[in-house]
Amino acid sequence: MTGSVAAARAIADHIDATSGRAVVLIDGGSGSGKTTLAERLTKLCPTAQVVHGDDLYPGWTGLSAVWDLSELTVKNRYRRWDWHQGRFAEQLTLDAHRPLVIEGCGVLTAMNAKQATMTVWCSCPYKARRDRALGRDEYFVDSWAMWAIQERLHQVRHDPEHLADVVVDLTTLTE
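FYI, in our numbering the residues of the sequence shown are 42 to 216.
Hints listed in this document are in silico derivations from the structure and should not be mistaken for laboratory results.
Cβ coordinates follow ideal geometry from the N, Cα and C atoms, glycine included.
You may find that some hints are simply not true.
[To be verified] Quick list of simulated restraints, FRET-style, between CB atoms: (1) 167 / 135: 11 to 21 Å; (2) 213 / 178: 29 to 39 Å; (3) 88 / 46: 16 to 26 Å; (4) 84 / 136: 26 to 36 Å; (5) 156 / 198: 32 to 42 Å; (6) 80 / 131: 18 to 28 Å; (7) 128 / 166: 33 to 43 Å; (8) 80 / 181: 42 to 52 Å; (9) 176 / 60: 14 to 24 Å; (10) 80 / 172: 11 to 21 Å; (11) 208 / 126: 28 to 38 Å; (12) 213 / 111: 33 to 43 Å; (13) 155 / 99: 32 to 42 Å; (14) 198 / 116: 38 to 48 Å.
The whole structure should be built from the sequences, with the hints applied where relevant.
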């Protein structure tokens with residue numbers, strides 16, 4: 042599948058067709074378009090609750106913290122990471138009856154996929170991802186290399202692209 046608009050429609054259709062609670066995992070490298078896809082999805086499915094990986098990682102070395110999301114998907118709660126304070130902040134509680142979309146690098150693992158009704162991998166060339174990521178966050182420049190190593194470890198260990206129900210090419214986000 043190509044484009045965030047088509048992917049958002051496919052995910053929204055899945056959410057609408059799911060009996061019970063839909064849980065969607067959206068994974069991909071940093072800058073691949075996960076957040077844009079989630080934002081477009083919420084316009085089509087305003088009842089969906091979106092949790093961003095950035096609120097779950099305990100800092101720049103914490104990508105592996107999302108490899109097990111059972112606290113979030115089963116107990117419907119998580120503690121938000123405060124990037125400015127460098128510590129966990131308040132605990133947030135989700136509505137167990139509303140659709141849940143979790144987007145972030147590292148969220149698609151075999152363990153997490155068991156809790157999901159749909160899994161998505163966002164594909165995008167490395168240079169485009171890097172340019173997007175560094176263009177939106179001036180603080181990411183110093184941590185890009187370390188984060189990229191963690192992403193690669195996730196990809197080698199969990200093979201998220203092959204766990205995905207849908208692979209979407211988000212090289213161009215305007216579609």
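Here's how the hints hold up against the structure:
A hinted range of 11 to 21 Å for the beta carbons of residue 167 and residue 135 is inconsistent with their spacing of about 33 Å. The beta-carbon spacing between residue 213 and residue 178, approximately 21 Å, falls outside the hinted interval of 29 to 39 Å. Distance hint check: the CB atoms of residue 88 and residue 46 are about 19 Å apart, consistent with the given range 16 to 26 Å. Evaluation of the 26 to 36 Å hint for residue 84 and residue 136 yields a failure: the beta carbon distance comes to about 19 Å.
Distance hint for residue 156 and residue 198: a CB-CB separation of about 18 Å, inconsistent with the stated range 32 to 42 Å. Separation of residue 80 from residue 131 is about 23 Å and conforms to the stated range, judged on CB atoms against 18 to 28 Å. Between residue 128 and residue 166 the Cβ separation comes to about 35 Å, which falls inside the hinted range of 33 to 43 Å. Here the CB-CB span from residue 80 to residue 181 is close to 19 Å, at odds with the stated 42 to 52 Å.
Roughly 41 Å separates the CB atoms of residue 176 and residue 60, a value that falls outside the hinted 14 to 24 Å. For residue 80 paired with residue 172, a C-beta distance near 19 Å keeps the hint of 11 to 21 Å intact. The given range of 28 to 38 Å is respected by residue 208 and residue 126, whose C-beta atoms sit roughly 36 Å from each other. Range check, residue 213 to residue 111: about 35 Å between beta-carbon atoms, so the 33 to 43 Å window is met.
Separated by about 23 Å at the C-beta atoms, residue 155 and residue 99 break the suggested range of 32 to 42 Å. At roughly 25 Å, the beta-carbon separation of residue 198 and residue 116 lies outside the given 38 to 48 Å, and the hint is violated.
When each numbered hint is compared with the structure, violations occur for hints 1, 2, 4, 5, 8, 9, 13 and 14.
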